[in-house]
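Here the structure of chain H is known, so what remains is to put chain D in place on it, guided by the hints.
Number of protein chains: 2
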Amino acid sequence: MEIDRYFATRRTVRRYTSRQIEPELLTRLLDEASHAPNTGNMQLYSVIVTRSAEDKQALAPLHFNQPSVTGCSVLLTFCIDINRFGLWCKESDADAGFDNLQMLLAAAIDTSLFAQQFNTLAELHGLGCCYLGTTAYNAPQIAEALKLPDGVVPLISLTVGYPDGDAPASDRLPIEAIVHEGEYRRYTPAQIREIYASQEARDDSRQFIAENSKSTLAQVFAEVRYPRATNEAFSKTLQKYLDSTFYKRGN
Amino acid sequence: MEIDRYFATRRTVRRYTSRQIEPELLTRLLDEASHAPNTGNMQLYSVIVTRSAEDKQALAPLHFNQPSVTGCSVLLTFCIDINRFGLWCKESDADAGFDNLQMLLAAAIDTSLFAQQFNTLAELHGLGCCYLGTTAYNAPQIAEALKLPDGVVPLISLTVGYPDGDAPASDRLPIEAIVHEGEYRRYTPAQIREIYASQEARDDSRQFIAENSKSTLAQVFAEVRYPRATNEAFSKTLQKYLDSTFYKRGN
Chain H
1 MEIDRYFATR RTVRRYTSRQ IEPELLTRLL DEASHAPNTG NMQLYSVIVT
51 RSAEDKQALA PLHFNQPSVT GCSVLLTFCI DINRFGLWCK ESDADAGFDN
101 LQMLLAAAID TSLFAQQFNT LAELHGLGCC YLGTTAYNAP QIAEALKLPD
151 GVVPLISLTV GYPDGDAPAS DRLPIEAIVH EGEYRRYTPA QIREIYASQE
201 ARDDSRQFIA ENSKSTLAQV FAEVRYPRAT NEAFSKTLQK YLDSTFYKRG
251 N
Chain D
1 MEIDRYFATR RTVRRYTSRQ IEPELLTRLL DEASHAPNTG NMQLYSVIVT
51 RSAEDKQALA PLHFNQPSVT GCSVLLTFCI DINRFGLWCK ESDADAGFDN
101 LQMLLAAAID TSLFAQQFNT LAELHGLGCC YLGTTAYNAP QIAEALKLPD
151 GVVPLISLTV GYPDGDAPAS DRLPIEAIVH EGEYRRYTPA QIREIYASQE
201 ARDDSRQFIA ENSKSTLAQV FAEVRYPRAT NEAFSKTLQK YLDSTFYKRG
251 N
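Chain order of the listed sequences is H and D.
Heads up, the first sequence is in the working numbering, so the first residue is 1 and it goes up one at a time.
Heads up, the second sequence is in the working numbering, so the first residue is 1 and it goes up one at a time.
No lab work stands behind these hints: they were computed from the structure.
A pair holds if it fits inside one copy or across any two, identical chains being indistinguishable in the list.
Below, in silico cross-link-like pairs of lysine-lysine (BS3-like), each with a Cα-Cα straight-line distance of 30 Å or less:
no., residue 1, residue 2
1, K236, K248
2, K90, K214
3, K214, K248
4, K240, K147
5, K90, K248
6, K56, K240
7, K147, K56
8, K56, K236
9, K214, K236
This is chain H alone, in the form it adopts within the complex:
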C-alpha cells in the first residue's frame, strides 16, 4: 500500500518556510484528530494554539530556545485537562474523582493519541512537525504562560509548519528488539549489544561520542543528554506542580 511508504519513511521536521498554516486547515486537522480513540469518550485534553511571534518568543526559553519554537508557523501545546470535565460534573450535580494517578495516566495517554493523530494528519497534508521533549520539564512556567487553570497539565508541544528543505529519516531499532512473543524475553548481554550495534555504528553516533569526550554512545544518552541529576531535579519540580494543581486531594 502507498500509505505504508509514508509511515516507514516519515521524519521529524525542525525547519520551516515562512508560509503560514491556514487557520481553517489547522482546525479541520485538529477536528479529524479528535476522532482518535480516548478513554470512555471523555476527551480529557485541550490544545493551546500559539501563533503570534511574541507568544512564541515568550515560550521559547521554556523550551530551552530550540529554534523550531520561533521558526514554526504554530506551536501546539497539548494538555491533560480534567478541568472542563470537572466543570461539567459540577454543572450536573456529579462528583468527579479524577484528581489521581490513574486518571492522570489515562488522560496522558488520550492526550498523546490525539497529538499523534494530529501529527500524522499534518504530515499527510504536507506539513512538518517536531515534538519538543521539554514540556514536562518546565510545566509550571508553561502553565503560567498559557494561563492554565488547575487540572490542566501541559504534556506535549508540537511545532508545525511547511518544511524547509529535506529532513533525514531516523532509523529505529530492529523491530525484533521491541516485540516479545507471549511473554517478555530477558535479553542476554550479547543480544543487547546486537540490538544497538547498528545505531552505534552510525557516523553521527561516533561524532556525538567524540564531541562529548565519551567512550560509548550510551554514555552520551545517559550522561550528557538525559543525565540522572537533571531528570531527578525536573521530576521533583513536576511532582510538586502536580501535587498543587492536579492531585488536589493528595492522591
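Just chain D, lined up with the frame of chain H:
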C-alpha cells in the same frame, strides 16, 4: 483528501471474525509504527504479542472479562520499557538515571505514540482495534502474567482483528471546545452546558441515565463508570507497583 474521510469517521471495533492476522503483516505494521516520533530516539517501549487462546484466557479477567480480549486475533500489550535501555547502559559503562517521574512520563508518551501509530496503520489495512482502558488498573497482575522485569510497565492494551459487522462511529465534542487560541479560556457555565449538549441529547446517553437510575449523564461517567473510590484505590495500587518496580531509587 481521501485520507481525511478515514480519520474523521474511524471507529473502535470490538467484535472480530475468526480470521487470524498474518504474523508477517503484524510484524510489518509494528515495524512501520515504530517510526512514530519518540524521545531522543531511545524507544523506551516494548510490545507483548498474545496470540494463543490460553494466554488470552489468562489475561481476560485482568481486563474485567471484556469480550474483545478472547474474541480478538491478537492482544497487544504496549509497555513502558527502561529495562532494555538500562541493560544497554550497563553494557556500555553508562549510568542510566531513568527511574523517575520525568522519564516515566516521557516513556508513557512514546509508548502511546507507538501504539496509536500502529492503531492507525492497522485500521488503514482493514483491521479493527479496541483500546482497553483497564491496563493500568491491574498493572501488577498483568506484569506478572507477561513476566515483565523491573522497569517495564504495562500501559496500553489493544485488541486487534478483522472486523465482524459494522461498528458505530463515535461523535466527539465540538472542536472549539478543545482548542484554545493563545491562552486557556475559562469556560462559563453556559459554555459548558453548550459543549456537552449534543452528547447529552443522544438516545444512548438518555438510556445510560435511565439504566443507572441517575439524573444526569455526567453522573453516569463520574459515579458509575469512573467513580472516585475505584480511581483512588487503583491509583494506590499503581503507585505502590511503580514504587517497587520503576522508581527503584525512590524518586
